[in-house]
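Chemist: Residues per chain are reported as follows:
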Amino acid sequence: QKEVEQDPGPLSVPEGAIVSLNCTYSNSAFQYFMWYRQYSRKGPELLMYTYSSGNKEDGRFTAQVDKSSKYISLFIRDSQPSDSATYLCAMNRDDKIIFGKGTRLHILP
Amino acid sequence: DAGVTQSPTHLIKTRGQQVTLRCSPKSGHDTVSWYQQALGQGPQFIFQYYEEEERQRGNFPDRFSGHQFPNYSSELNVNALLLGDSALYLCASSSGVDTGELFFGEGSRLTVL
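So the sequence lines, in the order shown, correspond to chains W and U.
Everything in the first sequence is counted per the numbering used here, starting at -8 for the first residue and increasing by one.
Everything in the second sequence is counted per the numbering used here, starting at 114 for the first residue and increasing by one.
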């Protein structure tokens, strides 16, 4: 079993819809949980960063962590075509950042 | 404020050759991590440098080596290239060691023929 599992998609949703992206993990030693966004032919950029269970909101983005279920989510409200990208979940263990495979998201105008 | 810069952006090598990739971290950052991202995959951790020392290493063979200079810039060297080394090589910088806040460069795309 991989340490971090993420459905690669692609996921296609209409503009304005709420998007839900998810990752599961197996190692309870993970301390920090991140979501990165990667546009085609670019490096990843940090979107959200949390270290505790619960929700964290930033504009149209909400990150949710459930440590008891080893499950994290990213919600995007009022999705826009510019949100079309690959979304990578990432987790910190022993100062090593482990990434999921990434989910390709397409927002249809 | 310059972000993370990497060079070259693209390069083509043949099997058995050696390659050196370079990275300048974001201003104020002292930690550099290198990742390999194959097509359709997430970044895989290669190693991390802090204070000119390799602090952490992922599951990569000794053909992959690196260096960090006193100005915090870094190099990634890969010897005896294999076809499977074709990938996007990403450099990420951060401040300190206990953080997930990585700032990535745009990567060096290596093609091995």
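Mixed in with the good hints, there may be bad ones.
[As the list claims (entries may be wrong)] No farther apart than 30 Å at their CA atoms in a straight line, the calculated lysine-lysine pairs in the DSBU-like style are these:
#  : chain 1 : residue 1 : chain 2 : residue 2
1  : W       : K87       : W       : K61
2  : U       : K126      : W       : K92
3  : W       : K(-7)     : W       : K87
4  : U       : K126      : W       : K47
5  : W       : K61       : U       : K126
6  : W       : K33       : U       : K139
7  : U       : K139      : U       : K126
8  : W       : K87       : W       : K47
9  : W       : K61       : W       : K92
10 : W       : K(-7)     : W       : K47
11 : W       : K58       : U       : K126
12 : W       : K(-7)     : W       : K58
13 : W       : K33       : W       : K92
14 : W       : K47       : W       : K61
15 : U       : K139      : W       : K47
16 : W       : K58       : W       : K47
17 : W       : K92       : W       : K(-7)
18 : W       : K(-7)     : W       : K61
[Unchecked claim] Which bits of chain W does chain U cover? Going by a derived footprint, with three or more residues having C-beta under 8 Å, they are:
#  : stretch
19 : 3 to 9
20 : 45 to 55
Derived from the structure by calculation, the hints contain no laboratory data.
C-beta atoms are modelled at their ideal positions from N, C-alpha and C, and glycine is treated no differently.
Chemist: With the threshold set at 30 Å, check whether the alpha-carbon distance from K(-7) (chain W) to K47 (chain W) stays at or below it.
Modeler: Holds. K(-7) (chain W) to K47 (chain W) sits at ~26 Å (cutoff 30 Å).
Chemist: Does the alpha-carbon distance linking K(-7) (chain W) and K61 (chain W) stay inside the 30 Å limit?
Modeler: Holds. K(-7) (chain W) to K61 (chain W) sits at ~13 Å (cutoff 30 Å).
Chemist: Has the given pair, K47 (chain W) with K61 (chain W), been kept, meaning a C-alpha gap of at most 30 Å?
Modeler: 17 Å, holds
Chemist: Keeping to a limit of 30 Å between CA atoms, is the pair of K58 (chain W) and K126 (chain U) held or broken?
Modeler: 44 Å, violated
Chemist: Are there at least three residues in the stretch 45 to 55 of chain W whose beta carbon sits under 8 Å from a beta carbon of chain U?
Modeler: violated (count 0)
Chemist: Is K139 (chain U) within 30 Å of K47 (chain W), Cα to Cα?
Modeler: 26 Å, holds
Chemist: Within 30 Å, alpha carbon to alpha carbon, are K58 (chain W) and K47 (chain W)?
Modeler: 14 Å, holds
Chemist: With the threshold set at 30 Å, check whether the alpha-carbon distance from K87 (chain W) to K47 (chain W) stays at or below it.
Modeler: Given pair K87 (chain W), K47 (chain W) holds - Cα atoms ~23 Å apart, limit 30 Å.
Chemist: K33 (chain W) and K92 (chain W) were given as a pair; does the straight-line alpha-carbon distance stay at or below 30 Å?
Modeler: 16 Å, holds
Chemist: Quick one, are K126 (chain U) and K47 (chain W) close enough, alpha carbons at most 30 Å?
Modeler: 45 Å, violated
Chemist: CA of K61 (chain W) to CA of K126 (chain U), is that 30 Å or under?
Modeler: Roughly 41 Å separates the two Cα atoms, so the pair is violated.
Chemist: Just to be careful, I want the Cα atoms of K(-7) (chain W) and K87 (chain W) compared with a cutoff of 30 Å; is the pair within it?
Modeler: 15 Å, holds
The structure shown violates the earlier hints numbered 4, 5, 11, 19 and 20.
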